[in-house]
Every structure is written in structure tokens, then in C-alpha cells.
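Engineer: Respectively, the protein sequence lines represent chains A and B. According to the working numbering, the residues represented by the first sequence are 21 to 225, in order. According to the working numbering, the residues represented by the second sequence are 489 to 981, in order.
Source of the hints: derived by calculation from the structure; they are not laboratory data. Predicted model, so just to flag it, every value in this text is computed and none were measured. One or more hints might be untrue.
Said to hold, decoys possible - Keeping only pairs whose Cα atoms sit at most 25 Å apart, straight-line, the calculated SDA-like set for lysine to any residue is:
{"id": "1", "chain 1": "B", "residue 1": "Lys644", "chain 2": "A", "residue 2": "Leu131"}
{"id": "2", "chain 1": "B", "residue 1": "Lys644", "chain 2": "A", "residue 2": "Ala203"}
{"id": "3", "chain 1": "B", "residue 1": "Lys644", "chain 2": "B", "residue 2": "Ala594"}
{"id": "4", "chain 1": "B", "residue 1": "Lys644", "chain 2": "B", "residue 2": "Arg589"}
{"id": "5", "chain 1": "B", "residue 1": "Lys644", "chain 2": "A", "residue 2": "Leu47"}
{"id": "6", "chain 1": "B", "residue 1": "Lys644", "chain 2": "A", "residue 2": "Glu211"}
{"id": "7", "chain 1": "B", "residue 1": "Lys644", "chain 2": "A", "residue 2": "Gly213"}
{"id": "8", "chain 1": "B", "residue 1": "Lys644", "chain 2": "A", "residue 2": "Val121"}
{"id": "9", "chain 1": "B", "residue 1": "Lys644", "chain 2": "A", "residue 2": "Val117"}
Stated by the list, open to error - The following label-pair restraints were derived from C-beta to C-beta distances:
{"id": "10", "chain 1": "B", "residue 1": "Pro494", "chain 2": "A", "residue 2": "Ala75", "range": "45 to 51 Å"}
{"id": "11", "chain 1": "A", "residue 1": "Ala124", "chain 2": "B", "residue 2": "Ala695", "range": "42 to 48 Å"}
{"id": "12", "chain 1": "B", "residue 1": "Gly677", "chain 2": "A", "residue 2": "Leu101", "range": "48 to 54 Å"}
{"id": "13", "chain 1": "B", "residue 1": "Ala695", "chain 2": "A", "residue 2": "Leu101", "range": "41 to 47 Å"}
{"id": "14", "chain 1": "A", "residue 1": "Glu98", "chain 2": "B", "residue 2": "Gly765", "range": "50 to 56 Å"}
{"id": "15", "chain 1": "B", "residue 1": "Pro786", "chain 2": "A", "residue 2": "Ala125", "range": "39 to 45 Å"}
{"id": "16", "chain 1": "B", "residue 1": "Ala959", "chain 2": "A", "residue 2": "Ser72", "range": "25 to 31 Å"}
{"id": "17", "chain 1": "B", "residue 1": "Ala959", "chain 2": "A", "residue 2": "Val121", "range": "50 to 56 Å"}
Using N, Cα and C, we set each Cβ at its ideal position, and we do this for glycine too.
Now for the letters of each chain:
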Amino acid sequence: MSEAAIAVLVLLGFGVMLVRRRSLATLLVAAQAMLLGAAALSLAGDRPTAFSVAAIILLTRAVALPMLLVFTRRRTPEPYLVTPATTVVVRLLVATVVALVAVAAIPPLGLGDPAAEHGSVALLCLGIAIVVMRRPALLQVLGILVAENGVYLLAISVPGGLPSLIELGVLFDLVLVVTVAAAFTHKIHAEVGTGDTDLLRGLRD
Amino acid sequence: MTDATPALIAAVLAVPLGAALLVWLMPSPRAADRLNLIASILTAALALALAVVGLAAAPGVAARGSWFVLDAAGGVFLALIAVVGFASAAMSPFYLRHAGRSWFTARRSHAWYYAAFNLFWVALLALPLAGNLALAWLLIEATTAASALLVAFSGKRSALEAGWKYVVLTTLGLAVALLGIVVLFVAAGPDGSGLGRLDWRALSLHAGLPEQATLVAFMLILVGLASKIGWAPVHNWLPDAHSEAPPPVSAMLSAALLPTVLLIAWRTKLALEPALGQSAVQELFIGFGLVSLAVAIPFLWRSLPWKRLLAYSSLEHMGILALGIGFGTPLAIAGVVVHVAGHGVAKALGFYTAIPLARQDPGTAERAPRGLARASAPTATAMSVSLFSLSGLPPSPLFVSEVMILLGGMDAGLIAVSSVAAVLFALGFLGLAHALLEGLMGERRGPRLRPSRSARAIGVLSGAAVLALLALTVAAYVLPGSDIVAALTGSGT
């Protein structure tokens, strides 16, 4: 995957950290998955099994899961946008520092493709930062997807690719977890009246 | 290996899978209760038979296939998951009968509960059999989806918070572990074809794993798995999920899930130790062990609601197991085996005690129980057996196992670490012993608690647990030097 494409992937991850609208954030994650899927299809080339697996993953990550999240967003209408815990400047600063520190701290991963390695680690850490810093439940699910997209970037950069069984197994688990998380999002909204997870802070010692 | 072993493995996994579907179709809660109990007896019997096959083959491997391996370690954990799974299935009707509101409608709540329970159980049963790191990861992630719904089963705000934390934090942790697995796959290079590169045996026999990439992979995998094992400092979900889940599910989480994920970390350690050397992997395990103990102990000294106290005790015991695995000497490993089994029995009984406790004295969901000796004999007995064992008082098997782990650490030449661990063990003991005394003898206002069916059931279960714990204490004396320990120190995988 080209360095420019990897840069776009990371910028899309930054976008999820910054935007306030859940619909726009979902679109950014779908675009990220679409870009990764297209790269996987192109890398699969003339290997029919790898191509089929890449196509299934693209359709699931870039179409089915975003549609599930769009459906979840429609079932959990917010009367007003959830106020972010921090300003956009602070979020941008934190995201930048997290991504840069992670990239600098992780030694070479052995792929021989520094751009893919750095992009993968940056996206994983951005995903974690999104979960920590964003309050709406749906944005936290999108944070998980950004982190998973980071791992997928590394997976498609492996020479010869990962075995299909692993790729499909990971996809199956991702669908399971996102479906459960979407069910939680709906239930939290029904119980609290909003998807703001900041209101779920009753368990303390 | 017998020809019947693969068929037995298939049966162990097929029965709970089939039960998950059938029980979901049951028209009434009572029918779901009955079907689940029958299926759980069958599942547990088959899993115990498989465990015996695995243990009997020690120090060798009973069976190995394209995706599975049945060895002594698998046998130990299969037996644990079978026993705890069956006991949880048997105690579930007592919880469900008085559960009140839930995530699901009253008519369908039993069907959903048992369906998720069986899916969780089947993923757990498959985990010790996984012959491959990638497959093990997939199964661990699958346990998250099934068990998260169970954690939030009550549908209360606090349960939703606990379930949400559990899903989000463990999924992120497992994403980190997956990154490590991809790195390891690359490091393993072209040796082995496809999925086979990540077989436990292929990894341990690999002659040319590059040290730096393998070390990075190992650290990512261990840190990721730590979030699921509940090791500090990535344990935030653990006290909440254990305290908010239905008690039979808390028992499964604490007594079966955490140690079984620990087994995967252990297998990864054994597989990568030849490439990394002993000290690098040892330091990570010992570090997680000491930090987990240090974080857990202040909470064990506080007056906490019953299930929350047990949750922090899980953190403490996962720390003890990490130390034992880190020390890695045969004596420490024998201690780990006894500790896994003893902790499983005592902790599961502790969580089941929460069922009659919640029925008889609902206030204990918010505060520590007090003066139970004068209020309810069966509940007090169960609490005594559980806390007596978990605190590590002799003749509990956990006393013997903790001594074995400490001596194993000294055997390994880690005198300072063992000394610090001994102090932490003692502090943990004092905290739980204090909770036991307060729970039994503390000042209590209010009438004697009403007898209930669940209290009678917990009385029977306490008797069985005492027998099992005493048997484990005896087993602890014969385990060092046995073929089982030889298998668990590495030759079996």
C-alpha cells in the first residue's frame, strides 16, 4: 500500500477523533475500510481465494458494519449533540501525540514496510485514544473499528497475506463484537435516554 | 491417542452448541431450565472424559489434529471448565427464579440466558484444546461477545456500565494481541504453511525466530491477553463485570475464563521461550503478578459488597498464578496447577453464595455482609468454606499451592521477588481473613434470614466443595515430580 494511501487512512482516523456527528464519523470509518479493502483486493491480484476473502472483508467492513451502525444511530436519536469532554484542539493534540509517541516507541515489526508498520500502530493507538476521549457509545464502537482497521492494515501488508481462515475468523469475531456493542448502544440509550457513556459512572470503589 | 478422541472432542463442542439452539427454542422458562440442566450434565460428563484422556497421556500428548491438541494442561483446564460450567448451570435456575427485571422479556429471559451461557461455555471448552495461537485468539474474542450479554443480563444501569466496559476494554486489548500475532506470523517466516506457522509446537521448534520481532510480538500478545485475564494495570473491567453479572456467570468468568486465558498466555510463553530466553518472558509474568497483587490488596482490606470483594480476590489470585508461571520451576508449576483448581472451586462457591445472600438480604449488593453465622447456617457455611480457602488458610489447597509457588521462586534463585510475594500473600490473607470474621461474626441488626431453596442448595454444594478442596490438598503432595507437571513445564506441547 502506498505511503499516501496510508497517510489518508491515518487522517481519516484523526477525523473520527475530531468530528462531533456520529453519522459523519461512521462515514469516515467506512471510507477507511473501503480504502483498506481496495488495497487488499489489489494485493490479492490473481489469487482467487485471496481475492474472494478480500471482497468478503471489504463488503463486511465497509458496507455491512457501517450500515449496522447507521441503523443503530437511527434507533438512538440524540435531541442534541453530546458535549465533548474536551475541546477539538485538545483532542487533536492528544491524537497527534499518541500517534507520534506510539510510532516512535514501537521498534520495527519485521515486515520491511515501515510506512505500513507506522500506519498500523498509529491507527491502533488512535482507536484506543478515541475510545478513551469520546463520550458517545457509538463513537467508542467506531474507535474499536479504527483500532481493528490498524491491525488489518498490517495484516494485508504481510508478504503473501495471512491465511484465509484467520482473516475470516477475525472478521466473524469483529461482526459478533460490533453487533453486541450495537445492542449495548441501543440498550444504554433506552436506559439513560442518551448514548453518553459519561453518565455510566456509578461503579466506583 | 485413541481413534475416538477427535470424535469425543467434537461431541464436547457439539452438545453445548446444540443446547444453545434448542434451549433458545423452548416455549417456557421451566422447559428451558430442564433442557439446560440435562445438556449441562452431558457436556460436563463428556468434557471430564476428555480431560481424563488428556491427563492420562502425560507427559506426552493424547491427541493432535490440524487445529487441536489434547495434553495434560488441556486436561486440567477442561476438567475445571466442565465442573464450574455444570455447577453454574445447576445454580442458574435459583438465580433466574428471582432475578426480576432483565435485558429480555420475562417469558424469553431464560431462553436467552441459557443460549448465551452455552455459547460462552462452548468457546471456553474449545480454548484449552486450541492447538494454535491464532485459533486461541479467535476463541477468546468469541467468549467476549457471548459473556458480555450475560454480564449485562439484569439490564440495570450498573450492569450495562459493567458490560460496556467489558466489551470495549477487552476488545481493544485483544486488538493489541492480534497485532502481536500478525507480527509473530511474519517473524515465523516461511517455515510451516499458513495457519500451521502459529501452532504451539511449530513455534517452539522454530529454529530461526528473530529475537527482536519475536520479543515485540510476545509483549503485544501478553499485554493484550492481560486485559482479558484481568491483570493490573489493565483490569478496570474485572471488578465491575464480576460484581454485576448474575452469580453463576461471575463464577464462570472468575473460576474458568480468567485462568483459561492465562493458559493461552502460558502456552505462548512456553512456545516462545526457546527463541527469547527465559529471563525476558519471566520478567513480564512476574511484573504482572506483583503489580496485580499490589493493586488488589488494598481493596481486600476494605469493607466491600460480597461479589466485589470476590472480584478483587480474582485479581489477587491471577497475580499469584502469574508469579508461579513466571518462576517456571517444576515446584512452582505444580503449585500453579493446584492453585488453578483450588481457586476455581472456592471462588465458584463464593459467587454461588451470592444467590441466597441476595434473596435473603438484598442489602448485601451494596454493602459487606455481616454476622451471617447468626442469620443463616447454610449461607454462612458456604461463605466460610470459600473465604477460608481463598485466604489461603491451611489445610486449604491454596495454602499449599502458595507455599509451593514461593518455594519454586526460591528454587529459581529469585529470593527477593519471592520475599516480596510472601509479604503480599500475607497481606492478602489478612484482608480476606478479616472479611471472613466480619461476615460471620460481625454485628448484625435484623431478624434471622428466611430459609430458601437456594440456601439449601448452597449447603449441599458447600459439602461437595469441602471434599473437592481436601482432595486437592492431598493431590498437592503427590503432584510435584509427576508426569503432569513434567508435561506442563514444556515437553507436552
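Engineer: Hint by hint, say whether it matches the structure.
Structural biologist: Results of checking the hints against the structure:
no.	hint	in the structure
1	B:Lys644 - A:Leu131	47 Å, violated
2	B:Lys644 - A:Ala203	14 Å, holds
3	B:Lys644 - B:Ala594	15 Å, holds
4	B:Lys644 - B:Arg589	8 Å, holds
5	B:Lys644 - A:Leu47	32 Å, violated
6	B:Lys644 - A:Glu211	8 Å, holds
7	B:Lys644 - A:Gly213	14 Å, holds
8	B:Lys644 - A:Val121	39 Å, violated
9	B:Lys644 - A:Val117	37 Å, violated
10	B:Pro494 - A:Ala75: 45 to 51 Å	33 Å, violated
11	A:Ala124 - B:Ala695: 42 to 48 Å	32 Å, violated
12	B:Gly677 - A:Leu101: 48 to 54 Å	50 Å, holds
13	B:Ala695 - A:Leu101: 41 to 47 Å	57 Å, violated
14	A:Glu98 - B:Gly765: 50 to 56 Å	54 Å, holds
15	B:Pro786 - A:Ala125: 39 to 45 Å	30 Å, violated
16	B:Ala959 - A:Ser72: 25 to 31 Å	53 Å, violated
17	B:Ala959 - A:Val121: 50 to 56 Å	52 Å, holds
Figure legend: structure checked against the earlier numbered hints; hints not met, in rising order: 1, 5, 8, 9, 10, 11, 13, 15 and 16.
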